[in-house]
Amino acid sequence: MRYKTEKVDTLIKGRSLWADGWRRLRKRKFAMLCFVIVLAYFALAAAVYLDEFLKSRFAAQGYTGLRMFNWSQTVGPSYQPPMEKYAWTPDNAQAPQAGWALLGTDFLGQSTWRKMVYGAKTSMTVAICASIISLMIGVPLGALAGYFRGKVDDLVVWLYTTLDTIPYILLVMAFAVVLRNKTIFGWEIRGITAVYLAIGLTSWVSICRLIRGEVLKRKESEYVLAARAIGCSNSRIIFRHLLPNMFHIVIINLSLQFMAFIHAEVILSFLGLGESDRPSWGSMIDAARTELARNVWWEMAAATAAIFIISLALNIFGDALRDCLDPKLRTD
Amino acid sequence: MTAYLIRRLLYMVPIVIGVLLATFVLFKVVGGDISQQIAGKNADLETIAEVRHEYGFDKPLFAGLTPLAGDDWQAARQDYTAAIKNERQVRAESENRSVLPISAFDLDLKAQRKWLGDLFRQRLNAHQFGGALEMITLDSQFSDHFKHALTFNFGRALDREKISDKILLGVGPSLSLTIPMFIGTLVVSISMALLVAFLRGTVWDYTIVILCIIGLSIPYLSFIIFGQYFFAYKMDWFPIFYSPDKPMIHSIILPALIGIAAGLGGSLRFYRTVMLDEIRSDYVRTAFAKGLTTRKVLFKHVLKNAMIPIVTNVVLSIPFLVLGSLLLERFFGIPGIGYLMIEAINARDFFVLNALTFMMALLIAVFTLLTDICYAWVDPRVTFD
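So the sequence lines, in the order shown, correspond to chains X and P. Using my numbering, the first residue of the first sequence is number 1, and each one after it goes up by one. Using my numbering, the first residue of the second sequence is number 1, and each one after it goes up by one.
Hints listed in this document are in silico derivations from the structure and should not be mistaken for laboratory results. These numbers were taken from a predicted model, which means no experiment stands behind them. Check the hints yourself; a few may be wrong.
Stated by the list, open to error - Derived DMTMM-like pairs: lysine to aspartate or glutamate, alpha-carbon spacing no greater than 25 Å straight-line:
{"no.": "1", "chain 1": "X", "residue 1": "Lys217", "chain 2": "X", "residue 2": "Asp154"}
{"no.": "2", "chain 1": "X", "residue 1": "Lys29", "chain 2": "P", "residue 2": "Asp205"}
{"no.": "3", "chain 1": "P", "residue 1": "Lys28", "chain 2": "X", "residue 2": "Asp164"}
{"no.": "4", "chain 1": "P", "residue 1": "Lys59", "chain 2": "P", "residue 2": "Asp44"}
{"no.": "5", "chain 1": "X", "residue 1": "Lys182", "chain 2": "P", "residue 2": "Asp372"}
{"no.": "6", "chain 1": "X", "residue 1": "Lys219", "chain 2": "X", "residue 2": "Asp153"}
{"no.": "7", "chain 1": "X", "residue 1": "Lys182", "chain 2": "P", "residue 2": "Asp106"}
{"no.": "8", "chain 1": "X", "residue 1": "Lys182", "chain 2": "P", "residue 2": "Asp58"}
{"no.": "9", "chain 1": "X", "residue 1": "Lys217", "chain 2": "X", "residue 2": "Asp323"}
{"no.": "10", "chain 1": "X", "residue 1": "Lys182", "chain 2": "P", "residue 2": "Glu54"}
{"no.": "11", "chain 1": "P", "residue 1": "Lys28", "chain 2": "P", "residue 2": "Asp159"}
{"no.": "12", "chain 1": "X", "residue 1": "Lys27", "chain 2": "P", "residue 2": "Asp205"}
{"no.": "13", "chain 1": "P", "residue 1": "Lys41", "chain 2": "P", "residue 2": "Glu161"}
{"no.": "14", "chain 1": "X", "residue 1": "Lys151", "chain 2": "X", "residue 2": "Asp51"}
{"no.": "15", "chain 1": "X", "residue 1": "Lys27", "chain 2": "X", "residue 2": "Glu214"}
{"no.": "16", "chain 1": "P", "residue 1": "Lys110", "chain 2": "P", "residue 2": "Asp33"}
{"no.": "17", "chain 1": "P", "residue 1": "Lys110", "chain 2": "X", "residue 2": "Glu188"}
{"no.": "18", "chain 1": "X", "residue 1": "Lys217", "chain 2": "P", "residue 2": "Asp277"}
{"no.": "19", "chain 1": "X", "residue 1": "Lys217", "chain 2": "P", "residue 2": "Asp372"}
{"no.": "20", "chain 1": "X", "residue 1": "Lys182", "chain 2": "P", "residue 2": "Asp33"}
{"no.": "21", "chain 1": "X", "residue 1": "Lys182", "chain 2": "P", "residue 2": "Asp205"}
{"no.": "22", "chain 1": "P", "residue 1": "Lys28", "chain 2": "P", "residue 2": "Asp144"}
{"no.": "23", "chain 1": "X", "residue 1": "Lys151", "chain 2": "X", "residue 2": "Asp164"}
{"no.": "24", "chain 1": "P", "residue 1": "Lys147", "chain 2": "X", "residue 2": "Asp164"}
{"no.": "25", "chain 1": "P", "residue 1": "Lys28", "chain 2": "X", "residue 2": "Glu188"}
{"no.": "26", "chain 1": "X", "residue 1": "Lys182", "chain 2": "P", "residue 2": "Asp108"}
{"no.": "27", "chain 1": "P", "residue 1": "Lys41", "chain 2": "X", "residue 2": "Glu188"}
{"no.": "28", "chain 1": "P", "residue 1": "Lys147", "chain 2": "P", "residue 2": "Asp33"}
{"no.": "29", "chain 1": "P", "residue 1": "Lys110", "chain 2": "P", "residue 2": "Glu134"}
Here chain X stands alone, though its shape is the one from the complex (with noise of 0.2 Å):
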């Protein structure tokens, strides 16, 4: 008797959304592997991240950071530093092999596996940031045009068919010459912060479409009636019920958007509207156009291999969890 009450208790228990998505996901070994790729770019950025923290808190111990973080140095057995500061000779630069240099250095002498280390930082930076302050603005504001209607919902059509309008490329590069080295309400923006709120404050479109669709669709459904019913405010019945429901459709639409916020990113360093002074993928690949015709093409090779391999497992990881986590959305 007991053991048959315990059977259908196990029964009823039924399973999240989340948990049958991660039951489906883990199936496929390849996706997973794309996965545990994504995590390591993100661990990697936040490692330097980590150690740049402790070389400021622990200078003073002597902590100088680890030596594969440190891409300023220049390496090389029988390397000598230039005179002046940006004098380089192409001798400088040592191409791949065993040992110090697996990947080689530039013509200043600085090894490029740890540039590319560097670079993922940056690119993970700028795409972290641009995916909130997109979301920031695309979910809350989807959602209320969707839910409310009317003069709320003629707004923010509006809002994003205007953006829409201004060919993508352009509207970016506009947001990032005019934000670049200004000072906005008295906060200074340099470097890559120009670059992930001109990417952020573009990209928010889709998914506010996205999101406002679906919450149109949704609105009548039975599990918001019910909240209606026991009377759930609206801000409850948007943040509590609806939003959560459509948690996924975000996730999917983020991890294929973050591809583009990468590549984004790598061409508005390549024009010099990104970080200046320090590496990123963009400017390795931009130091090619001198490079390669002195036949260095391994500072190019890196920074395309690293961008390419977070690319590939990006693509093969969305489309998985786009898959696993809504069935219906399957394309093949």
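Using the hints, position chain P against chain X.
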């Protein structure tokens, strides 16, 4: 139909206004007065004043005050400049810091603003409301921004050339690069998508999907740099740079091929989804059941039904052809719109960026309208409600 057209045209009005507001906030409010940058570091007061006047920075942002005919600024200048200096001195002392440096020009400007404010207040206090009202002007940067954009009079760029000429000159080279690129990508990706849709579930399908994802993941820049280095520099099959003496086609082939290769991943993926959606539908099964050949089903049935997303995509892409390819034009030195954009960014030329943004947005708004009309043309199910 006419009513629908008119309604759609009217719908463009708020969007154009929105774009103008957005560019105003970006370039005029946030971007600010860049006359000092234009005139150069060592420019004297008169040059800066000239520049400010030419680019309209001497006008207020939204609305402001102007002196009337009888008001003499030169007479009041000495007193007001001294007053401003004194004010700054007093404030610095109360905050216990030294006086911040200010250029003579800014000082003059502040003094003049104070003088105008005082005049306005005097007139109000003396109940000369007519005179006070007459001082208020709406001739501002805001009104200029709208006026210039709507009359397509964008003035001159920082290098003294007319912006409209620059844009018109750039359209040709941009189009001669992007049109072959666009048609190439379209033809290759649609035919491959049909093929893949037919071969769905086989090894070929998976291979192409994986290749698409790989193509999508490689940064655009790497495609260009590698292509230019390998095919033009190393193998010497194509010219590295655009040269105006040779025929256009000469310097277009390589960038167009690179553009096709780089864009194929995304576009093939899109069209594959479109085709798969169609090939799963019932009418395809019926067609096969009737005993039609594969070719007939694919070209007569599937392709025709897939026309709606394809046409939408094609029409919506046309304005972007005018925009050119920023990176390709930069690398191959093609003097198109993309090149103009890069030049404007390097020179921080907000005027060119502003004009480009507005013109492109207008073009896109028009083509969005055309798409809706095309919808009705291709799909008889669409009605004009």
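Given pair status - aspartate 205 of chain P, lysine 182 of chain X, alpha carbons within 25 Å: violated, 50 Å
Given pair status - glutamate 161 of chain P, lysine 41 of chain P, alpha carbons within 25 Å: Between lysine 41 of chain P and glutamate 161 of chain P the Cα gap is close to 21 Å, so the pair holds against 25 Å.
Just to be careful, I want the Cα atoms of lysine 217 of chain X and aspartate 277 of chain P compared with a cutoff of 25 Å; is the pair within it? holds, 22 Å
Next pair to validate is lysine 28 of chain P with aspartate 144 of chain P; report whether the Cα-Cα distance is within 25 Å. holds, 11 Å
Would you mind confirming whether the straight-line C-alpha gap from lysine 110 of chain P to glutamate 134 of chain P stays at or under 25 Å? Measuring from Cα to Cα gives roughly 21 Å; hence the hint holds.
Can you confirm whether the C-alpha distance between lysine 29 of chain X and aspartate 205 of chain P stays at or below 25 Å? Cα-Cα ~21 Å, so holds.
For the pair supplied as a hint, lysine 27 of chain X and glutamate 214 of chain X, confirm whether the alpha-carbon distance does not exceed 25 Å. Not satisfied, since the Cα-Cα distance of roughly 29 Å exceeds 25 Å.
Pairwise hint evaluation, aspartate 154 of chain X against lysine 217 of chain X, where the allowed Cα distance is 25 Å at most: It holds: about 17 Å lies between the C-alpha atoms, which stays within 25 Å.
Within a Cα-Cα threshold of 25 Å, do lysine 182 of chain X and aspartate 108 of chain P meet the stated pairing? The hint holds at about 24 Å.
25 Å Cα cutoff - pair lysine 110 of chain P, aspartate 33 of chain P: Holds, at roughly 14 Å.
Are lysine 147 of chain P and aspartate 33 of chain P close enough, with their CA atoms no more than 25 Å apart? holds, 19 Å
Given the hinted pair lysine 151 of chain X and aspartate 51 of chain X, is their alpha-carbon gap at most 25 Å? Violated, at roughly 50 Å.
This entry does not satisfy hints 5, 14, 15, 21, going by the numbered hints stated previously.
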